[in-house]
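Chemist: Residue numbers (the working numbering), protein chains in the order written: chain Y, 1 to 467; chain A, 468 to 774.
Bear in mind the hints are in silico, worked out from the structure with no lab data behind them. Please read all numbers here as calculations on a predicted model, not as lab measurements. Where a beta carbon is used, it is the ideal one built from N, C-alpha and C, also for glycine. A couple of the hints might just be wrong.
Capping the alpha-carbon separation at 25 Å, the derived lysine-lysine pairs in BS3-like fashion look like this [unchecked claim]:
| # | chain 1 | residue 1 | chain 2 | residue 2 |
| --- | --- | --- | --- | --- |
| 1 | Y | Lys163 | A | Lys740 |
| 2 | A | Lys667 | A | Lys600 |
| 3 | A | Lys667 | Y | Lys292 |
| 4 | A | Lys676 | Y | Lys292 |
Chain Y regions said to be covered by chain A (calculated; three or more residues, Cβ under 8 Å) [said to hold, decoys possible]:
| # | region |
| --- | --- |
| 5 | 155-161 |
| 6 | 424-432 |
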Amino acid sequence: MFEGLSKRLGDVFDRLRGRGALGEADVDAALREVRTALLEADVALPVVRQFIDEVRPKAIGADVIRSVTPGQMVVKIVNDHLVQMLGGSAVDLDLNAVPPVVIMMVGLQGSGKTTSSAKIAWRLSQGAQGMAADVASGAFTQKRKVMMASLDTRRPAAQQQLKVLGEQTGVATLPIVPLEMPLAIARRAVDTAQREGFDVVILDTAGRLAIDEELMAEVAAISEATRPRETLLVADAMTGQDAVNVAKAFNERLAVTGIVLTRVDGDARGGAALSMRAVTGRPVKLIGTGEKFDALEPFHPDRIAGRILGMGDIVSLVERAAETIEKEDAEKLAAKVRKGQFDMDDLLGQLRQLRKMGGLQGLMGMLPGAVQAKAAMSKAKVDEKQLRRQEAVILSMTPRERRNPDVIHASRKKRIAAGSGVQVQEVNKLLKQHAEMLKMMKRVNKLGEKGFMRSLGGMMPPPGFPR
Amino acid sequence: MSGSWLSRLREGLAKSTRRVTEGIGGLFTKKKLDQATLDALEDALIQADLGVAVAGRLVGRLAKERFGKEVADEEVRAAFADDIAEILTPVARSLAIDPAHRPHVVLVVGVNGSGKTTTVAKYAHLLKGEGRKVMLAAADTFRAAAVEQLKVWGDRAGVPVVARETGGDPAGLAYDALERARREGCDVLLVDTAGRLHNKANLMEELAKIVRVMRKLDASAPHSTLLVLDATVGQNAHAQVETFRNLSPVDALVLTKLDGSAKGGVLVALAEKFALPVVAIGVGEGIDDLRPFEARAFARGLMGLPA
Chain Y
1 MFEGLSKRLG
11 DVFDRLRGRG
21 ALGEADVDAA
31 LREVRTALLE
41 ADVALPVVRQ
51 FIDEVRPKAI
61 GADVIRSVTP
71 GQMVVKIVND
81 HLVQMLGGSA
91 VDLDLNAVPP
101 VVIMMVGLQG
111 SGKTTSSAKI
121 AWRLSQGAQG
131 MAADVASGAF
141 TQKRKVMMAS
151 LDTRRPAAQQ
161 QLKVLGEQTG
171 VATLPIVPLE
181 MPLAIARRAV
191 DTAQREGFDV
201 VILDTAGRLA
211 IDEELMAEVA
221 AISEATRPRE
231 TLLVADAMTG
241 QDAVNVAKAF
251 NERLAVTGIV
261 LTRVDGDARG
271 GAALSMRAVT
281 GRPVKLIGTG
291 EKFDALEPFH
301 PDRIAGRILG
311 MGDIVSLVER
321 AAETIEKEDA
331 EKLAAKVRKG
341 QFDMDDLLGQ
351 LRQLRKMGGL
361 QGLMGMLPGA
371 VQAKAAMSKA
381 KVDEKQLRRQ
391 EAVILSMTPR
401 ERRNPDVIHA
411 SRKKRIAAGS
421 GVQVQEVNKL
431 LKQHAEMLKM
441 MKRVNKLGEK
451 GFMRSLGGMM
461 PPPGFPR
Chain A
468 MSGSWLSRLR
478 EGLAKSTRRV
488 TEGIGGLFTK
498 KKLDQATLDA
508 LEDALIQADL
518 GVAVAGRLVG
528 RLAKERFGKE
538 VADEEVRAAF
548 ADDIAEILTP
558 VARSLAIDPA
568 HRPHVVLVVG
578 VNGSGKTTTV
588 AKYAHLLKGE
598 GRKVMLAAAD
608 TFRAAAVEQL
618 KVWGDRAGVP
628 VVARETGGDP
638 AGLAYDALER
648 ARREGCDVLL
658 VDTAGRLHNK
668 ANLMEELAKI
678 VRVMRKLDAS
688 APHSTLLVLD
698 ATVGQNAHAQ
708 VETFRNLSPV
718 DALVLTKLDG
728 SAKGGVLVAL
738 AEKFALPVVA
748 IGVGEGIDDL
758 RPFEARAFAR
768 GLMGLPA
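When you get a sec, could you build the whole thing from the sequences and use the hints?
Modeler: Printed below as a string of structure tokens:
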């Protein structure tokens, strides 16, 4: 039932013949399918609604890259927004506090708190040694002295479970005192850690329902008493619509600092990650990917986004397509520049790419040594309005005029100005800029490759930049 | 006691459905059933995890019957509850213990953290209360202290627990437990297995082996296989039921943690799709917090109506 999005989007766009920009009606039809896909991935409805509202304006009018279908383009736009909403990039554990730094694990029953506690403890106590570069970053680069304490006095043998995990991972655990209450255990854990010089104390709390007032008050009191640097909400990747309620309730009572998403090695689409991130504004910091101690990874929004949509492949396809298209265009242009055949159509192409920002940057990327030009580009602000006006000027030219601007004299200028709704001076300005660029390029050809690079820096900013 | 559990169930469900029904209640003060109302109604069902397809179908049916008519709040909720109860009634059955088998073997399976061990303990308590001789097998030999956990429950329920050291072979343990339960003339043997994600082939094979090995002693075992589902689960429940059912002889479901804010609405979709009996629901952490699944009560509770 999850395989449907790509097919359904295909159906929506089959009746679209041209490639052009994405129209409003088509986008809406596509977004209805996206809505269903997100709901099937267990993204909570209010979050789905917010998502669609935000992505709609981005999709309408977006240009469809050659060699991908409009459906694929929509998926790409949706995916990019999903990544952004998931937080963009990985966020590290924050252990920058006076030791012992307290990490408190909270969540519903059966979400995976105890196993996650042991995984985090093990990793912190190992340091960077022997870890993949990916997981050994940030908080995990330093080797730390870690202690775990189970505050779960409710589930039978829960404290025993953490003790055994401590033995298996070689991480110290707070000795169990029968019948001791959770708050007292937490205090004793911090005291002991302080006395014995531990860097980190992990408090593994009992599973509790977000609507259980008594137990929520208990965990709030523990938080108050121990001032955890990190309060990690542990949640199962299989969680459904309730994820928003749980995340909201825990965050309201405890000021959650991050989310640990467990059982990501299952086949759930993991929409809960988006739901919880959206309602709490807190990053997903870690994911559990197996039952072994080392099955803990940083959270990469791009990976989970592809999974939520179930369309990781298409996303990377569109990315590749976008890359190659830009490369092709840039290469073609570079060749033309070399031959001094840079006409108005090429300028038009550049203006359009400039509007998308990235076109010229892509070109720069193609040309080794153009770092300065790139820097100048990113510093300058593109005047969106002027770019569009210049585009209109070129579009008001005949094909012949575009190929050979030399033929444009007074009456043609007047016609072009009238056609594009600008003053004749604007037409003159554009022609002058083009002539200057052409002159520069011709000079460059005499200077050879090296000089070309140098003078290209001077050629910037291109037309369209405010002078 | 039976009166109190009903009210506790209603209480639990009421907690879990307040938002759904508040939404619906707010909508229907205006009376006329229009498209906006139907959309909001569909949203409420989706938020109860019924899934897009089932929610759409239920709302569609309601629209066909009453679109444009004046409808009272109670009426719409009752109509919905009736529709949902109709889907659920065929699956609301209790776990039937066949006295012909001594013991009747109940295998309890599910993903990690769904509540298998607690469910086993609750069933032990329930069945013992019915005067049956019950034995537990701690076949979760993987998770640290899972054996100790079941032992504590066994003590509380007053039933023996067959266990070995953590790390042993679960199939061998199950075999031993079955042998002992036979020897001691038990009525029921409840086998608690390790949590496993259904997409892990090796762990599913381990489960298949437990079944195979027990069948060496009793070709008809297990006589019941319960898949335990957490009420907070979303649409992944479909994949869980489908895969577990393909690889082990699942013949009934138990829905746990219904005392939380999750509504367990996916059960409605599962009932339509798989028609597997739902034999019990879990509504708390206590040993007597296991309830029979009652379609009408569940459906009406889901809609915030008195049972």
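Chemist: I'd like to know which numbered hints this structure contradicts. Please list them from smallest to largest.
Modeler: Of the numbered hints given earlier, those the structure breaks are 1, 2, 6, listed in rising order.
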